[in-house]
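These protein sequence lines map, in sequence, to chains A and B.
Using full-length UniProt numbering, read the first sequence as starting at 1 and increasing by one per residue.
Using full-length UniProt numbering, read the second sequence as starting at 1 and increasing by one per residue.
Simulated from the structure, these hints should not be mistaken for laboratory data.
Do not take every clue at face value.
Label pairs and their calculated CB-CB ranges [unchecked claim]: (1) A:Val138 with B:Ser170: 32 to 40 Å; (2) A:Leu63 with B:Glu34: 43 to 51 Å; (3) B:Leu128 with A:Leu63: 32 to 40 Å; (4) B:Leu128 with A:Pro150: 34 to 42 Å; (5) B:Asp158 with A:Pro97: 15 to 23 Å; (6) A:Gly59 with B:Leu128: 30 to 38 Å; (7) B:Phe168 with A:Arg184: 27 to 35 Å; (8) A:Val138 with B:Glu34: 20 to 28 Å; (9) A:Ala250 with B:Gly157: 44 to 52 Å; (10) A:Thr187 with B:Leu116: 13 to 21 Å; (11) A:Gly59 with B:Ile14: 27 to 35 Å; (12) A:Thr149 with B:Pro173: 35 to 43 Å; (13) B:Glu195 with A:Glu109: 55 to 63 Å.
List of simulated lysine to aspartate or glutamate pairs, DMTMM-like, C-alpha gap at most 20 Å [unchecked claim]: (14) B:Lys193 with A:Glu211; (15) A:Lys218 with A:Glu170; (16) A:Lys218 with B:Asp158; (17) B:Lys165 with A:Asp231; (18) B:Lys193 with A:Glu151.
Listing some non-contacts, in silico: residues in chain B with all C-beta distances to chain A over 10 Å [said to hold, decoys possible]: (19) Val18; (20) Gly57; (21) Leu65; (22) Leu144; (23) Leu147; (24) Val169.
C-beta: ideal position from N, C-alpha, C; glycine also.
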Amino acid sequence: MTYVLTGDEKPLSGIGVCRAKVTAFDPRMRIVMTAIYAIVVVSLNSLWVLAGALILSSGLLALSGLPPRKTLKRMAMMDSFIIFMLLLLPFTIPGTPVFSLWGLEASWEGLRRAVEIALTANAVILAVMTLVGSMEPVTLGHALFALKTPERLVHLLMFTIRYIDVLREEYQRLRTSMKLRGFRPGTNWHTYRSYGYLVGMMLVRAIERSERILAAMKCRGFSGRIVLLDDFRLSRADLLFAAALSAALAALICAEAIYAAS
Amino acid sequence: MHIVDGALSNPVVIGGAVAAAGGIAMGLRNLPLERIPAAGVLSASFFVASLIHVPIGPSSVHLILNGLAGLVLGWAAFPALFVGLLLQAVFFGFGGLTVLGVNAVNIALPAVLAGLAIRPLLARGSPLQGAIWGGIGGGAAIALTTLAVAVSLMLSGDEFLLAAKLVFVSHIPVMVIEALLSGAAIFLARRVKPELFADAKGSLA
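Just need the whole structure built from these sequences, with the hints factored in.
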């Protein structure tokens, strides 16, 4: 997961890629705080307060030591997926017209709703990427287990993380051999059939690989228990960070209440 | 296909989270320890498959293949696809956190349904017949997913009605491609490893 997802698909941090400052904090605390953060931000409505939340998320990004441009680019990629839906909103929510396009009236209320969704989505995903995404994938699994996630789900997560790398390499090998045989993708039946065979071959090989894995694990007496290599400790710095973030969230909630009252 | 934070109404988000928890629990119950390696490796291969871009006209689409996941994994597809979505949200910033439940239900429930309905038919007859059923399963799952995305948007407010309709219509080519690819993948699996779908009792992993 950390190494192989090349180019744009590369995760933001990992072994040797970047030593994020936020990685010094307890992973469990980071996961819990991220969940609270997301719930608070989603419940906010006022645009100014949401803008404040986005600024807070950017602050976390600055603090995390993740590469800011890359992280923001990734966030912008998510925006490109939802931009279409957001652009429709001003025209589908009735209200005070602001401008009209090809005879369609765009409403002020719709525009406001679109901005609200965009701010919320970006603030949350940026916080998720900086607080949780900066973890090593295996640490994420261990921390989730420490937070009482079902053992089998954590096993499944760890296996997936472990083998994404391996299977990505296998996919590349199969693609290379297709290329060597002169395969060029296009919009035709041959392409779709070839891609289908490629996926089918990956599945067959994955299943055969999993049989070997199971045999190797049985040989070593695997019993389904998750062995934690390092135990998590809540230090004073963790508590301070959690308190500071909670205070910031409380401030956002207060601002929202004041805005709603006025 | 990912819905982001802040777009859906609270009842939809909470309902999605509860349903997803149920689906994951059900999936894990059908996943004995012995089969976790198979499920994990398959979950990883579906993650990798979702990074494949397939050309369509001047543009390209990325695969979801949730139907194929359901056909291969049965109920275990639910936790497997959930894990994929979690990793995508956390490490790639696709989707969101509070909507994770809704997204998981939208993608994994059609997969499980396709698996329950069509998996027993895959081993019957010639590989071509199996491939046709596989194609139907793959196409139906993605159609149901699109429909589920549209319904979750519509339940959250009338303003999304147009967006929901457009999501469905614009995904019709994706449904065709997923159906073709799933069919071809099942055809190959039937030829190369016929015993894969031979056990009639539910799921492989």
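- Going through the earlier hints one by one, which of them does the structure break, listed in rising order? 3, 6, 9, 10, 15, 16, 17, 18, 20 and 21
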